[in-house]
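Just so you know, the sequences run in chain order F and Y. First residue of the first sequence: 1, per our numbering; consecutive thereafter. First residue of the second sequence: 1001, per our numbering; consecutive thereafter.
One or more of the hints may lead you astray.
Unchecked claim - Derived lysine-lysine pairs resembling DSS-like cross-links, with alpha carbons at most 27 Å apart:
| hint | chain 1 | residue 1 | chain 2 | residue 2 |
| --- | --- | --- | --- | --- |
| 1 | Y | 1093 | Y | 1070 |
| 2 | F | 79 | Y | 1152 |
| 3 | Y | 1093 | F | 79 |
What the hints assert, rightly or not - Label-pair distances were calculated between CB atoms; the ranges are:
| hint | chain 1 | residue 1 | chain 2 | residue 2 | range |
| --- | --- | --- | --- | --- | --- |
| 4 | F | 146 | Y | 1374 | 21 to 31 Å |
| 5 | F | 25 | Y | 1035 | 23 to 33 Å |
| 6 | Y | 1121 | F | 199 | 48 to 58 Å |
| 7 | F | 25 | Y | 1341 | 29 to 39 Å |
| 8 | Y | 1172 | F | 152 | 37 to 47 Å |
| 9 | Y | 1343 | F | 187 | 22 to 32 Å |
| 10 | Y | 1108 | F | 53 | 22 to 32 Å |
Unchecked claim - Chain Y residues, not near chain F, derived (Cβ > 10 Å throughout):
| hint | residue |
| --- | --- |
| 11 | 1162 |
| 12 | 1239 |
| 13 | 1252 |
Keep in mind the hints are simulated off the structure, nothing from the lab. C-beta: ideal position from N, C-alpha, C; glycine also.
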Amino acid sequence: MVAGINPNDASPHITVRDLTMAFGSFVLMRDLSFTVNHGDVFIIMGGSGSGKSTLLRHMIGLIEPAKGNIFYGDENFTKADFEQRQELLRRMGVLFQTGGLWSSMTLAENIGMLLEEYTDLTPAEIREVASLKLALVGLKGFEDYYPSQISGGMQKRAGLARAMALDPEVLFFDEPSAGLDPISSRLLDDLILELRDSLGATVVVVTHELASIFTIGNNSVFLDPDTKTMTASGDPKELLAHCPDPKVRAFLRRGEKEES
Amino acid sequence: MSDPGRLSFTQAQDGTLVIRLVGVWSLRSGIPSATDLQDQVASAGSWRRVAFDAHELTSWDSSVVTFLVKISELCRQREIPIDRDGLPVGVQKLLALAEAVPERKGARREVTEASFFERVGTGALGLAGSGKEMLAFLGEMTVTFFALVRLKARYRTSDLFLLMQECGAQALPIVTLISFLVGVILAFVGAVQLKQFGAQIYVADLVGIAMIREMGAMMTGIIMAGRTGAAFAAQLGTMKVTQEVDAFTTAGFSPLEFLVLPRVMALILMMPLLCLYADFVGVIGGAVIGVAMLDLSWTTYFHETANAISLTDLFGGVFKASVYGVLIALSGCLRGLQCGNSSSAVGDAATSAVVTGIVAIVVACGIFAVVFYVLGI
Chain F
1 MVAGINPNDA SPHITVRDLT MAFGSFVLMR DLSFTVNHGD VFIIMGGSGS GKSTLLRHMI
61 GLIEPAKGNI FYGDENFTKA DFEQRQELLR RMGVLFQTGG LWSSMTLAEN IGMLLEEYTD
121 LTPAEIREVA SLKLALVGLK GFEDYYPSQI SGGMQKRAGL ARAMALDPEV LFFDEPSAGL
181 DPISSRLLDD LILELRDSLG ATVVVVTHEL ASIFTIGNNS VFLDPDTKTM TASGDPKELL
241 AHCPDPKVRA FLRRGEKEES
Chain Y
1001 MSDPGRLSFT QAQDGTLVIR LVGVWSLRSG IPSATDLQDQ VASAGSWRRV AFDAHELTSW
1061 DSSVVTFLVK ISELCRQREI PIDRDGLPVG VQKLLALAEA VPERKGARRE VTEASFFERV
1121 GTGALGLAGS GKEMLAFLGE MTVTFFALVR LKARYRTSDL FLLMQECGAQ ALPIVTLISF
1181 LVGVILAFVG AVQLKQFGAQ IYVADLVGIA MIREMGAMMT GIIMAGRTGA AFAAQLGTMK
1241 VTQEVDAFTT AGFSPLEFLV LPRVMALILM MPLLCLYADF VGVIGGAVIG VAMLDLSWTT
1301 YFHETANAIS LTDLFGGVFK ASVYGVLIAL SGCLRGLQCG NSSSAVGDAA TSAVVTGIVA
1361 IVVACGIFAV VFYVLGI
């Protein structure tokens, strides 16, 4: 399921070092250090309220770390100046929990806006690329719909199409299957893997859906709200079998008892 | 409800307190008072066990469970063992469920009454914090304006035109109504006094000067603060909640350029036009009173108005309107972008945008009055 990726050749793509996330004096998580390799499908997992989405927001620069640094390749994203950061952001695509589509624009305009800004394509070409991106997520023909006119699942997929608009090197997904029925959520998982393989992108997913974690993930970090830090990292399948922390194993088993 | 819920207690020989639950226990008819029983449990140290008898319990709901949780808590404190076998199985299961996860330490919020000084301190810090946020926002907007002047600001022209339509043409009906009435009111107030001296003709001067120097701009400003300022805050607040603002940031677009700038520009461009229109309608309102009540002719009235006002007055008013436009747009957008993550936060943002907008307009109006006086305008 994670064919084509040999963890041994993988080189670090995103490195999080000694990250502390805090709001004022309230510390949410401390001492987070982990590496996401090129081509990984990296899962950020943990119970509700453990700060998974907040970690993702730190990684895309929406929240500044209280302490620590985030590197993309060798570049320090946290300390980057405005221009550098914009350059790094341009290489990322984000699918927000609610889709985050710009509601005053049609789907084609949502995607087209990025192309217009960052490429020299003509309007006609932009339209074609936007159609292609929508076709990739199964929304061909919906170019002129507004986000409010399509269903929640379709909004998620349209959000994905927009996240892929500029062929990013890293794709971030914030709870992609939240609010989707099991089949749509499965299809989205397949889509994520296909895109990773065809675009060669690194994927970071925030989720607590076990099915997704095992189907798509090949690397992960587990956030524990009780100790306020990460308690495990690595391939979720390995963690299920060998993780020394019983809490992580229990999470990955849906709390069912282990067979001895 | 023939048999409302009751309880009684009997003492068995071996030091057991048997609590008998009788009748229909229902939340709707209220939870039977347990003070007597609590006194019993609390006072006597001799109970060795608490047991229940539910044979006469006809039906039950959460009222029983709530009552039992209270009793269990009391018994735990007194270290009296409880025997729940006499309860219906459903009740036993619910009790077990309620006690399955122990209370998380530190989860309960301590409600402490803050002292006077603490409240003053918190208030002052909050004020300083919001002042700092406002300054940061104004600073960033200034940078954005420079980008606009250098033609480097990025925004969608179609957004700008749509906003201009929303806060220009679509505001005409309400502006018409309010300014007409303001003209009428001014004329009325003046007419009653001036008539006593036979100087009714000066009603035209009064209405003309008041409308064109002050009221046109002021009333348009207040209408737009309530109408458009609130709308801006609600729009941006909702975009914040649905993560659209985040999407702009991560796409490398500045929300200030894409969202705030077109709104400010739309109001800067539309407010002077609305103000001119309001001036005109206000004068007509005054004229209607002049003609109908004071026996002036339309021509005399307009001639007198034209003599009373100067172009400087007119430009002064229109300039003020533009400034009010900036204030309304900025306060609306600031409150929208500060919006929290819930639907009630959007409502608060809209409310606060209107309040901020109107306060800003009134303060600016005061400053203008002083400046215009000093400059002799």
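Evaluation of the provided hints:
1. With a C-alpha separation of about 16 Å, the suggested pair residue 1093/Y and residue 1070/Y falls inside the 27 Å cut-off, and the hint holds.
2. With a CA separation close to 25 Å, the supplied pair residue 79/F and residue 1152/Y stays within the 27 Å bound.
3. Taking the CA atoms of residue 1093/Y and residue 79/F, the gap is near 56 Å; set against the 27 Å cutoff, the hint is violated.
4. At about 52 Å, the CB distance of residue 146/F to residue 1374/Y disagrees with the hint of 21 to 31 Å.
5. In this structure, residue 25/F and residue 1035/Y break the distance hint of 23 to 33 Å, their C-beta atoms being roughly 43 Å apart.
6. Residue 1121/Y and residue 199/F have their C-beta atoms about 54 Å apart, which keeps the hinted 48 to 58 Å range intact.
7. At about 20 Å, the CB distance of residue 25/F to residue 1341/Y disagrees with the hint of 29 to 39 Å.
8. Here the CB-CB span from residue 1172/Y to residue 152/F is close to 38 Å, well matched to the stated 37 to 47 Å.
9. Roughly 31 Å separates the CB atoms of residue 1343/Y and residue 187/F, a value that falls within the hinted 22 to 32 Å.
10. A C-beta distance of roughly 26 Å is found between residue 1108/Y and residue 53/F, which places it inside the suggested range of 22 to 32 Å.
11. With a minimum CB-CB distance of about 8 Å to chain F, residue 1162/Y fails to clear the 10 Å threshold, and the non-interface call is violated.
12. The claim that residue 1239/Y is not at the interface with chain F is violated, since a C-beta of that chain comes within 10 Å of its own (minimum 7 Å).
13. The Cβ of residue 1252/Y does not lie farther than 10 Å from every Cβ of chain F; its closest approach is about 5 Å, which violates its non-interface assignment.
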